[in-house]
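Novice: Since the structure of chain S is already known, use the hints to place chain Z on it.
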Amino acid sequence: MSFINYASREINCKIVYYGPGLCGKTTNLQYIYEKTNPSAKGKLISLATETDRTLFFDFLPLDLGTIRGFKTRFHLYTVPGQVFYDASRKLILKGVDGVVFVADSQEPRMDANVESVRNLESNLKDHGYDLAMVPYVLQLNKRDLPTAIPIEEMLRQLRIKSEPYFEAVAPKGIGVFDTLKACAKQVLIELSKK
Amino acid sequence: MGASDLIMYEEEFQRIKEVISKLRVDANANVVFLVDKNGQQIAATGDIERLDTTSLASLTAGNVAATDGLAKLIGEKEFSVLFHEGEKDNIHISIVGGKVILVVIFDERSSLGLVRLRVKRSSEELNRLFQQIMEKTERERAAGESSFDSPFAEITDEDIDALFNE
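Going down the list, the sequences are from chains S and Z. Be aware that the first sequence starts at 0, since it is given in numbering that gives the first Met the number 0, and climbs by one per residue. Be aware that the second sequence starts at 0, since it is given in numbering that gives the first Met the number 0, and climbs by one per residue.
Isolated chain S, as found in the complex:
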């Protein structure tokens, strides 16, 4: 649910990074935060446990610039990945405009990826969204690890529509901005249809 303010000429959209525990959602946000011009970003907020696992969410506001005189602002959120945080995860999806699914390429994590996609689908449904209609991008993260399984295999198991996908190594920033850009683009195109 985007928020268009004609008075201050601003448009706000919400993108949520989803995926299983330790797949690199927070790392994506951290990289974006590090590489963004200070004038274009707000504070990166992480509600994490003492061991830096996301407890509730990470939040990063990002100013992308102006379209047709409207300041375009994206709010990026991550969800906690572990299965038992489902109640929190569901709350964060509320009012989402676009979703990035971060998949862990390691072979032993494939089951967790699949479970997380299903969980996303069902949590969106509870909010009245259909994953098939929501702007959506698939990121195949951790491509640099030796146990990474072939892309074709990941797509076969995880791709749910013809969503764009990107290979990524989040700590090095590979694929991070491509992913965000693809999602933001879909969100804006969706807005233009309304």
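Since the hints were made in silico from the structure, they are not lab data. Just so you know, not all the hints are guaranteed correct.
Result set (DSBU-like, lysine-lysine): computed pairs, CA atoms no more than 30 Å apart in a straight line [as the list claims (entries may be wrong)]: (1) 36(Z) / 89(S); (2) 93(S) / 135(Z); (3) 98(Z) / 70(S); (4) 76(Z) / 192(S); (5) 124(S) / 76(Z); (6) 89(S) / 76(Z); (7) 98(Z) / 193(S); (8) 180(S) / 36(Z); (9) 135(Z) / 192(S); (10) 193(S) / 21(Z); (11) 89(S) / 70(S); (12) 16(Z) / 193(S); (13) 124(S) / 98(Z); (14) 135(Z) / 193(S); (15) 16(Z) / 70(S); (16) 70(S) / 21(Z).
Specialist: Frame of chain S; chain Z shown alone:
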């Protein structure tokens, strides 16, 4: 999902700002701001220069969402008021019309009783205003795209690419 978008027009925005400015004075508060339940700041007034209002908005919405979750777990519809007491500053959070979050930050120059009383009055007014906004958005939408002048109606790929090349 389009039907639930919040669109704010100049006229209503000014009236909302008037209501919260009045509330700030009446309640003797430092800051009053409005956030939607998704964490987008709608309007703010008062001593906001020293505050990171974007973060405040997002955390407030997270807080309200988590508290809503707690309410449902014990069989309540919602907790419509949240109050956080600090050594110097306090935060009073309330839900207006089930949709919007009203946040009042105040210190020892005011009191919880006064804030509650003033918030209650302003809430009714804000509720009416947001009702009007929703109706207006619906009307505009129903009237078709010709009268609904979306700034994004003719967005191009180049526009979007330009955003990322700056």
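Novice: The structure should be examined with respect to each hint, and the outcome stated for every one.
Specialist: Here is what the structure says about each hint:
1. 36(Z) / 89(S): holds, 14 Å
2. 93(S) / 135(Z): holds, 23 Å
3. 98(Z) / 70(S): holds, 24 Å
4. 76(Z) / 192(S): violated, 35 Å
5. 124(S) / 76(Z): holds, 21 Å
6. 89(S) / 76(Z): holds, 17 Å
7. 98(Z) / 193(S): holds, 22 Å
8. 180(S) / 36(Z): holds, 25 Å
9. 135(Z) / 192(S): Holds, at about 19 Å.
10. 193(S) / 21(Z): With Cα atoms ~35 Å apart, residue 193(S) and residue 21(Z) exceed 30 Å; violated.
11. 89(S) / 70(S): holds, 29 Å
12. 16(Z) / 193(S): holds, 27 Å
13. 124(S) / 98(Z): At roughly 20 Å apart (the allowed maximum being 30 Å), residue 98(Z) and residue 124(S) satisfy the hint.
14. 135(Z) / 193(S): holds, 16 Å
15. 16(Z) / 70(S): Holds - the C-alpha atoms of residue 70(S) and residue 16(Z) are around 20 Å apart, at most 30 Å.
16. 70(S) / 21(Z): Holds, at about 28 Å.
Hint compliance for this structure: hints 4 and 10 are not met, and every other hint is.
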